[in-house]
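Trainee: Quick note on numbering: the sequence shown equals residues 0 to 511 in numbering that gives the first Met the number 0.
Bear in mind the hints are in silico, worked out from the structure with no lab data behind them. As the structure is a prediction and not an experimental result, all values here were calculated from the model. Backbone N, C-alpha and C fix where the C-beta goes; we use that ideal spot for every residue, glycine too. Be aware that a few hints might be false.
[Unchecked claim] Here are the in silico distance ranges between beta carbons for each label pair:
{"id": "1", "residue 1": "377", "residue 2": "94", "range": "53 to 59 Å"}
{"id": "2", "residue 1": "70", "residue 2": "191", "range": "33 to 39 Å"}
{"id": "3", "residue 1": "347", "residue 2": "475", "range": "30 to 36 Å"}
{"id": "4", "residue 1": "266", "residue 2": "186", "range": "15 to 21 Å"}
[Unchecked claim] With a straight-line Cα cutoff of 30 Å, these simulated DSS-like cross-link-like pairs (lysine-lysine) come out:
{"id": "5", "residue 1": "116", "residue 2": "209"}
{"id": "6", "residue 1": "373", "residue 2": "443"}
{"id": "7", "residue 1": "98", "residue 2": "160"}
{"id": "8", "residue 1": "59", "residue 2": "305"}
{"id": "9", "residue 1": "81", "residue 2": "52"}
{"id": "10", "residue 1": "373", "residue 2": "80"}
{"id": "11", "residue 1": "265", "residue 2": "160"}
{"id": "12", "residue 1": "209", "residue 2": "134"}
{"id": "13", "residue 1": "98", "residue 2": "80"}
{"id": "14", "residue 1": "265", "residue 2": "305"}
{"id": "15", "residue 1": "134", "residue 2": "80"}
{"id": "16", "residue 1": "198", "residue 2": "305"}
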Amino acid sequence: MTFFITTAIDYTNGVPHIGHAYEKVLTDAIARYRRMKGEEVFFLTGVDQHGQKVQQSAQKQGVAPSEFVAGLTEKFLALWKKLDISYDRWAATTEPVHKRCVQAMLQLLWDNGDFYKARQTGHYSVRQEQFLTDKERGPDGEFGPEWGDVVVIEEENYYFKLARHRQWLLDLIDARSAAGRPFVVPEFRVAELRNAVEKLAGDLCISRPKSRLEWGIELPFDSDFVTYVWFDALSNYVSFAGYDPAPGADQSLFRSRWPAIHVIGKDIMIPPHGIYWPIMLKACGFADDDIPSLLVHGWWNISGAKMSKSLGNSVDPDVLADTFGVAATRYYLLSDIAIGRDADFSEERLIQRYNGDLANSLGNLLNRSLSMAKRYREGALRKPESSPLAGFVSDKVADYGRRMDAFETQAALESAWEIIVRCNAYVEETAPWKLAKDPASADKLDEVLYTLAEALRVISILITPFIPASADAIRLQLAWDGPVHMDQCGWGALADGHRLGDPVPVFPRIET
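Turn these sequences into a full structure, and let the hints guide you.
Mentor: Written as structure tokens, this is what we have:
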């Protein structure tokens, strides 16, 4: 099975924030898990480098847009490296392969009669780079602050015949739900998307005149215009996956990576990813089964309010990783928020999660297990015929797999942690330090030491998608270099006579 994962493209007119980091860490965990199942994964992420906001920001700094976006892109690349994001392809929308694909898609739809030219006068949001309609007005009849400066513009542009595909999209959403594979995950988002599609009435402006915006991909059928964000940024999902819109083109590479799972934030589900994107693909000739699914995550808030640079409550994930470490940052982002829901960010909560779950629970279990094996058996294990925790661990591994398959990453982590909690209780129940004093309990002591080491081996596999470097460190101390695959989670892989390494603290406590 081939599994293709993409994340929404980052905007380069700002700096990375905690939402960017969460999305990448979440997608990375899913990708690593799928690889551990033996699936082929193509993990694509990148930066959207075109647009009016980028052009304006570059002008303010007195540099060319290409120079401006290059500097910002480096910030994203450095952060993803620091956070250990295992993407397979970096997508930058200024790359020639992307430009060729976008222009070919535009030409295809122009030839098919899907575009028309018209003059429009209306209110235009400079911040959001889009024309507004009366439905965007608030109860007082005014456009809200989320739209920034709103000006009246009259200009000629090209439009995509969007509304005529409304019923097709409604039918697709219903068919996916009926088949048990909803178009949007979590499923509670499906009704929200369907309601928005029901209201779809107008067509989509897909161009900007060069007199107003030069920093973009030129329309192949009219050199006086560039294409707007929808046929630029959204098309990265297929352009960097090998899609070629030309008739008769070899699509074998693309087919090996498609259809995709798009991991996006809830704020961009409607309208771009949930409405514009599937209709764009349909118009380009994609079959219903080739329309990608959406994994929609929630927001990290501060005291219930959305993070915003203008409000001064944003969190820099770069600083977070430098201050508390990569393991603490990744673990907190994945353990403290349920997929699709919102959560409140808290440094105090991050420290509590790290010290409680990683340092105290897992770290202490690892250290005491290896220390006892070293003290009582010189690090050598004796494999018993059975173990009292083998069935429990097997059940939790199965539950972990079901949760991860359903993209319930937080719940999957909880399943893994139940093994850790049970092992810590097992230590207290069996009291190996007492067994070591009784020669008649030698076999029981061997059973306990093996059970703890083998459980830690399984745990190290289960936490790999979440905190990969720490999982590697645990396996190093266990002196186990077997393949990190889900099929290695069966009980009993540590051989009789296996010798463990020396205990070294993996999760030093964060002191405040």
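Trainee: All the hints need checking, so say for each whether the structure fits it.
Mentor: Status of the hints after comparison with the structure:
1. The beta-carbon spacing between residue 377 and residue 94, approximately 57 Å, falls within the hinted interval of 53 to 59 Å.
2. As the Cβ distance of residue 70 to residue 191 is approximately 37 Å, the hint placing it in 33 to 39 Å holds.
3. In this structure, residue 347 and residue 475 meet the distance hint of 30 to 36 Å, their C-beta atoms being roughly 31 Å apart.
4. Residue 266 and residue 186 have their C-beta atoms about 19 Å apart, which keeps the hinted 15 to 21 Å range intact.
5. With a C-alpha separation of about 15 Å, the suggested pairing of residue 116 with residue 209 holds against the 30 Å cut-off.
6. Taking the CA atoms of residue 373 and residue 443, the gap is near 16 Å; set against the 30 Å cutoff, the hint holds.
7. Between residue 98 and residue 160 the CA atoms are separated by roughly 22 Å; this keeps the pair inside 30 Å, and the hint holds.
8. Proximity of residue 59 to residue 305 is assessed by CA-CA distance (about 27 Å); at most 30 Å being required, the pair is judged to hold.
9. Proximity of residue 81 to residue 52 is assessed by CA-CA distance (about 28 Å); at most 30 Å being required, the pair is judged to hold.
10. Note on residue 373 and residue 80: the hinted pairing is violated, with a Cα-Cα distance of about 36 Å set against a maximum of 30 Å.
11. For the suggested pair residue 265 and residue 160, the alpha carbons sit about 25 Å apart, so the restraint of at most 30 Å is met.
12. Proximity of residue 209 to residue 134 is assessed by CA-CA distance (about 28 Å); at most 30 Å being required, the pair is judged to hold.
13. Only pairs whose Cα atoms come within 30 Å are accepted, and residue 98 paired with residue 80 is accepted, the gap being roughly 26 Å.
14. As the CA atoms of residue 265 and residue 305 are separated by approximately 12 Å, the hinted pair is consistent with the 30 Å bound.
15. Proposed proximity of residue 134 and residue 80 is contradicted: the alpha carbons are some 42 Å apart, above 30 Å.
16. Between residue 198 and residue 305 the alpha-carbon distance is near 26 Å, which keeps this suggested pair within the 30 Å criterion.
Checked against the numbered hints above, the structure breaks hints 10 and 15 and satisfies the rest.
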